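Take these sequences, add in the hints, and give me the full structure.
Below, each chain spelled out in residue letters.
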Amino acid sequence: MNSLLEAGTAIYVAMAVALSVWIGIFVYLWRIDTQARALKRELQREREQWPRGEGDAPPRASVTRVSQAEGEPVERSSRE
Amino acid sequence: MAVTERLGQIGKLLIGVWIAGIAVAMFLVIPQYEGLGNAGRIIIMHVPTAWVSVLAFAVSALFSGLYLWKRRPAHDHYALAAAESGFLFTALATVTGMIFSQVVWGIYWNWDPRQTSIFVLLLIYAALFALRSAIDDPARRRQLSAVYSLFAFVTVPFLVFVAPRIADSTLHPNCAFIQGSKCDGITLEVGTIGLLGDRKVQLLALERQGDVVTAAVKVSEPGLTSETVLRPSFDLAAGEMVARPEFPGLRYQLGLEAVDLRANTALLNIEAPGTGLLENRRTLFTFLAAIGGFTALFFWLLTLRATLLDVQWALAQREGSRL
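Here the protein sequences come in this chain order: A and B.
Sequence positions in the first sequence follow the working numbering and run 1034 to 1113.
Sequence positions in the second sequence follow the working numbering and run 129 to 451.
The set of hints was computed from the structure by calculation and includes no laboratory data.
Be aware that one or more of the hints could be misleading.
[Unchecked claim] Simulated DEER-style distance windows between Cβ atoms:
| # | chain 1 | residue 1 | chain 2 | residue 2 | range |
| --- | --- | --- | --- | --- | --- |
| 1 | A | 1046 | B | 199 | 51 to 57 Å |
| 2 | A | 1043 | B | 441 | 33 to 39 Å |
| 3 | B | 268 | A | 1075 | 36 to 42 Å |
| 4 | B | 349 | A | 1045 | 36 to 42 Å |
| 5 | B | 412 | A | 1049 | 50 to 56 Å |
| 6 | A | 1065 | B | 223 | 20 to 26 Å |
| 7 | A | 1052 | B | 133 | 25 to 31 Å |
| 8 | A | 1050 | B | 263 | 25 to 31 Å |
| 9 | A | 1079 | B | 258 | 32 to 38 Å |
| 10 | B | 279 | A | 1065 | 50 to 56 Å |
| 11 | A | 1065 | B | 202 | 14 to 20 Å |
| 12 | A | 1045 | B | 412 | 37 to 43 Å |
[Unchecked claim] Taking lysine-lysine pairs in the DSS-like style, the calculated list, with each CA pair at most 25 Å apart, reads:
| # | chain 1 | residue 1 | chain 2 | residue 2 |
| --- | --- | --- | --- | --- |
| 13 | B | 328 | B | 346 |
| 14 | A | 1073 | B | 346 |
| 15 | B | 140 | A | 1073 |
Every value quoted in this text rests on a predicted model; they were computed, and no experiment measured them.
Using N, Cα and C, we set each Cβ at its ideal position, and we do this for glycine too.
Okay, here's the thing in structure tokens:
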């Protein structure tokens, strides 16, 4: 462990840590970016398939928030 | 896949490789800074992130104005995404600055004017996020936060560029990174007292030996806890500084930048470690590359976060719930 912190090697260790952190952040951003674009495409396709104001609307789910007798909040979903 | 999307993917890959290259250059390509050693390399991260945060807050203000004009949710999403990115980059600049502070001043946080102003800036934008989360009605939330964001941006140039520079008592090397600029220093007559950073200095005497003039300067620690006499010198023939002693316990040096023997005055200045570091070509190019890389990263973060907010809004509309 101490050999990693010696004057000659410490700078390489610091660089490796900085690079690892950046690679981790980059991979994370890349994955979120891919998923976000896929979701956006999906929504776009849905919008084109069922334009607003026309008869065959896509299934809609509505969420109703109610309280139970004990006061614990619950959510019930229903399909229209 | 559309051509623009493919180009976007290539651009993002380039950002990844570019910033990885900066990380390597930061450690292996640029030379050590005089007086700071390897710790000074953090400047390559610190200054560009601070500058990009200003850009991010400007973009946030721009989209806030656009929202107030056009009332399009997408503009609000971009304004929020830019403010969040700006906050992130400001936090990065603060943390890297704290590490720099520990190396140079021996303490992570000492409420230096620069540290205080960036802390206030963080609080101002944290309040924007608190404001957004406190309002349920989307239209009202967007409207109020757009107005707030515009007012918040008015403070940014003052807090980042003006306040730290008008403060006399700062050790932050304001003049270190802009080529051609220099710290003003202080001109003292023999026997008079002045402030350099947070150190009280008194010019005790000027002694000439040949072409070299040596100044005896009494330096007092903040709170007058201790005093010491430093002897910086100046070569009249060459017109340059000779001896630049370090302030006690600091990596900063005391420089004698000019002498007027007839008026019995001397121009004293703090020579911050890193002053003139961009004169080195490798450091300058790495620094410029870091600015470019972090700016590109900001625009990626901006579009990514705005896309996520768009999707969130579209889903909420589809589900018929309010967001």
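To see whether the hints hold, each was checked on the structure:
1. A:1046 <-> B:199: 51 to 57 Å: holds, 53 Å
2. A:1043 <-> B:441: 33 to 39 Å: violated, 48 Å
3. B:268 <-> A:1075: 36 to 42 Å: violated, 30 Å
4. B:349 <-> A:1045: 36 to 42 Å: Given a distance of about 38 Å, which is inside 36 to 42 Å, the answer is holds.
5. B:412 <-> A:1049: 50 to 56 Å: About 25 Å separates the Cβ atoms of residue 412 of chain B and residue 1049 of chain A, which means 50 to 56 Å is violated.
6. A:1065 <-> B:223: 20 to 26 Å: holds, 23 Å
7. A:1052 <-> B:133: 25 to 31 Å: Roughly 28 Å apart at Cβ, these two residues keep to the hinted range, so it holds.
8. A:1050 <-> B:263: 25 to 31 Å: Violated: the Cβ-Cβ distance is about 41 Å, outside 25 to 31 Å.
9. A:1079 <-> B:258: 32 to 38 Å: holds, 34 Å
10. B:279 <-> A:1065: 50 to 56 Å: This hint is violated: roughly 31 Å between Cβ atoms.
11. A:1065 <-> B:202: 14 to 20 Å: holds, 19 Å
12. A:1045 <-> B:412: 37 to 43 Å: About 24 Å separates the Cβ atoms of residue 1045 of chain A and residue 412 of chain B, which means 37 to 43 Å is violated.
13. B:328 <-> B:346: holds, 8 Å
14. A:1073 <-> B:346: violated, 67 Å
15. B:140 <-> A:1073: holds, 18 Å
Hint compliance for this structure: hints 2, 3, 5, 8, 10, 12 and 14 are broken, all remaining hints hold.
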